[in-house]
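Novice: Chains as they are written, first to last, in numbering that gives the first Met the number 0: chain B, 0 to 186; chain W, 0 to 359; chain V, 0 to 290.
It is worth saying that the hints were derived from the structure and are not from the lab.
For glycine and all other residues, C-beta sits at the position ideal for the given N, C-alpha and C.
Every clue listed holds true.
The following residues of chain V were derived to be distant from chain W, with all beta-carbon distances above 12 Å:
(1) Pro-69
(2) Val-141
(3) Thr-183
(4) Asp-235
These stretches of chain W come out as covered by chain V in the derived footprint (C-beta under 8 Å, 3 or more residues):
(5) 8-16
(6) 79-92
(7) 179-190
(8) 327-341
(9) 351-359
Here are the simulated DSS-like pairs of lysine-lysine, each with C-alpha atoms no more than 25 Å apart in a straight line:
(10) V:Lys-247 / V:Lys-281
(11) V:Lys-91 / V:Lys-281
(12) W:Lys-350 / V:Lys-247
(13) V:Lys-283 / V:Lys-247
(14) B:Lys-170 / B:Lys-127
(15) W:Lys-334 / V:Lys-91
Residue-level listing of the chains:
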Amino acid sequence: MDRDATVREHEAFRNLLQAMARPGTVRALAGGVGGGEAALDLLLDCVLDGESSLAVLDGPEAPLAEAAGRRNGCRRTEAGSADFVLAGPEGGGSRLASLRLGEPDYPDRSATVVYRVARLEEAGGSWKWTGPGIADEIRPLVEGLPDAEWHHLRMVNSVYPMGVDCVFVDKAGRIAAMPRSTRLEEV
Amino acid sequence: MGYVAVKGGREAIERACDLAEFRRSGTGSAPLELRQILEQLPLAVDRAMGEGGLHAPEHAALALRQSAGDSFEAAFLLRAHRATLPRLAETLPDGTGSLRVVRRISSAFKDVPGGQILGHTPDYSLRLLELDPLEDRGRRRAHIREKVLAGIGGLDPLPDEFPRVVDHLRREGLLEDVASDDPEPFDITRRPLSFPAPRSARLQALARGETGGLLLLAYSSTRGYGHVHPTLAEMRVGYLPLRVVHPVSGEPVVVGEVPVTEAEVVSRFANTDGEPRFQVGYGLCLGHNEVKAISMGVLDRCMRTEDPRSPAEDQEFALYHSDGIESMGFTNHWKLPHYVDFLSDLDRLRKAREGWRARS
Amino acid sequence: MRAREWIERPRGAEPAFAFLDDGAKKDVRRALLKAVAIPGYQVPYGSREMPLARGWGTGGIQITLSILLPSDVVKVIDQGCDGSVNAVNIRKFYARVADVETTTDTAAATLVQTRHRIPEERMRDDQILVLQVPYPEALREVEPSEMQTRRMHAEADYARMWLRLYEDVVRFGEIRLSYRYPCTVNGRHVMDPSPVPRWDVPKLHMADTLFLFGAGRERRIYAVPPHTRVEPLEFDDHRFRVEDFSGKACGRCGATGTFLDEVVLPDGSRAHFCSDTGLCDKRKEGTWTSS
Chain B
0 MDRDATVREH EAFRNLLQAM ARPGTVRALA GGVGGGEAAL DLLLDCVLDG
50 ESSLAVLDGP EAPLAEAAGR RNGCRRTEAG SADFVLAGPE GGGSRLASLR
100 LGEPDYPDRS ATVVYRVARL EEAGGSWKWT GPGIADEIRP LVEGLPDAEW
150 HHLRMVNSVY PMGVDCVFVD KAGRIAAMPR STRLEEV
Chain W
0 MGYVAVKGGR EAIERACDLA EFRRSGTGSA PLELRQILEQ LPLAVDRAMG
50 EGGLHAPEHA ALALRQSAGD SFEAAFLLRA HRATLPRLAE TLPDGTGSLR
100 VVRRISSAFK DVPGGQILGH TPDYSLRLLE LDPLEDRGRR RAHIREKVLA
150 GIGGLDPLPD EFPRVVDHLR REGLLEDVAS DDPEPFDITR RPLSFPAPRS
200 ARLQALARGE TGGLLLLAYS STRGYGHVHP TLAEMRVGYL PLRVVHPVSG
250 EPVVVGEVPV TEAEVVSRFA NTDGEPRFQV GYGLCLGHNE VKAISMGVLD
300 RCMRTEDPRS PAEDQEFALY HSDGIESMGF TNHWKLPHYV DFLSDLDRLR
350 KAREGWRARS
Chain V
0 MRAREWIERP RGAEPAFAFL DDGAKKDVRR ALLKAVAIPG YQVPYGSREM
50 PLARGWGTGG IQITLSILLP SDVVKVIDQG CDGSVNAVNI RKFYARVADV
100 ETTTDTAAAT LVQTRHRIPE ERMRDDQILV LQVPYPEALR EVEPSEMQTR
150 RMHAEADYAR MWLRLYEDVV RFGEIRLSYR YPCTVNGRHV MDPSPVPRWD
200 VPKLHMADTL FLFGAGRERR IYAVPPHTRV EPLEFDDHRF RVEDFSGKAC
250 GRCGATGTFL DEVVLPDGSR AHFCSDTGLC DKRKEGTWTS S
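This is chain B alone, in the form it adopts within the complex (with noise of 0.2 Å):
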């Protein structure tokens, strides 16, 4: 891979990893990375390999996982045994609970859910992010889940540590994250 790719790289993991520090922040995952398709290969291919494995949710994400194997060599998985799923509009709603939610002695072999959106803000959406990362609280819009979606997350990472954590990739290639630390409380 050539340097400047490498570099892409490493401007996208840093953006992901502030994401997941800072839960509900928004943000562009590189510059220069257009629209959500080119956004959410590069968010995959900073993070994957084969000795790591993808799964879909559902039928319109499966293309993009494919082209993820050909290019990263992530193993292709079904969902309940996979380190990263990809999720579209609908969400994962109840096969959340079936997802790799950890071990009691190694919460971490779990799956980290990724969500294509439409649209990210900092505010204005219907739920109140607290926990670590958030000074004081956010209140995030992810345009483009339904809103049954917070509940089963909620549901899902009340066993922490155990749980699942989230990535948000919009239509504008903008990231946001949601660890499993982050307590949701409908407004």
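We have chain B; now place chains W and V onto it with these hints.
Specialist: Showing chains W and V alone in chain B's frame:
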């Protein structure tokens, strides 16, 4: 105030590196050639490869020279070099039946099919230090070559096959069954160990373990800190061909061979339920290193004990503390500045002493 | 990289940016994401060997190399000092493999890698602190087995650590733990903050910056996100206390309120100097402004 904060750390480090190189470059002696190390110190080369976890004899010779003979450093150089290399393929799984044997012995039986092939070993020599400083090494070498190679044409070739001693015992139903709990080999260079560790992970860790560390543990288990009473069923030294799938044709192809030492250890029966059987332990390491392979075989069995009590039987203890790169690195790290840590300790001690004085 | 790719690779390719191969970086990155998601919990990871020995910062180095940007300005310290052996070596390495700018000024840095100290100047939200960790497991003091300590964290069963602290109070009137003082993170996991002195522990609590902890030899990564509770274990009647420097000041810049190194002078007397040499330099030069 007379004290000036110490600066110039960078220059000091550079000078220290220069001095180290100065020390090992010698004054009047001929600079060591890699070929000399490879040919005349092969066991040091093999040990470095085995502990570094990389078959690369010339690199190992280089590492030994660069480390001025420090076996920990040499293994470390190889291990660190290995970490920079891309992984191109994995070999196809193969048994060691294809091993090209140069030495093969069994202590379990007086004679075995295929024979006791002593091969090259100093085991039976008298350990008398050869002190003649004026000896003409060149003439001595010519003499030993002539002696060994004379009449070599008239010797019988080695047998094609050496039936395994443990297979014989197994056929008679005398050996325990060893459960295979991990058909897919673990990869300790990619994933951290977690416990209880699968057998492939344990054997890998032992394979690149530090010889002295493994020896200490295995020795302890045979002296009462363990229940393994070993008999060396078989030990083989030789060259193992490696096969990979050809990247273009897709066919299996032999890409070369690596020197290995293999030991199978059989231990006194101890199982309490079912039919009494011997226990078995296995060791395989890169290079010619008999002490290590035997120790591995003993430890393999120790770590499968149902009731672990001694350090050698404790997987965590044995595996966490037998990697030379880790143990050497950490032990050496005590030389790094710890003055802030120490000051923090001093503070605690002073407070405790104040309290003690106040109370007494 | 597979055999075919390697055979067909373009000749004269430049060396990789930031030394590590992709697989090593991604392994670290996946671990970092989980570490940040579960504050204070130690995530196991593969951990490659580095050209520096185990025990000399390979964990911190792997983290830095996996997240470094060419635009980063990197500060590396050991015991608070930029000129220390370990720090100089690591800084040389980064300059060589990533061509980044380096600095001794905490305020100018975007990424600070440290061994055993946290800089005195409060770090900002655009900065990251990477800490080198020899012992990631706070409970190792009371339990040698990893299998057991995993279980204790799973069940939030920290009784034996509390007991150790209690026994200290009973026997010595003081909690003996100095550096590596155990803290509860996010109200859930007891974490080892690495061998920073007690002085530095409060800096982790509800901070603006992201803290990443790398233990290379032990193969663990953990993290404390900003705005996260980090609370040292203490009793109501034996509170957590930092080191006592009352009556002392830095002999070089005059600072009070910084962690001071104690130096024995040739005449046997003691002198004190800021452990944070970067700050001490700025104060001495008159270029430091409190923010």
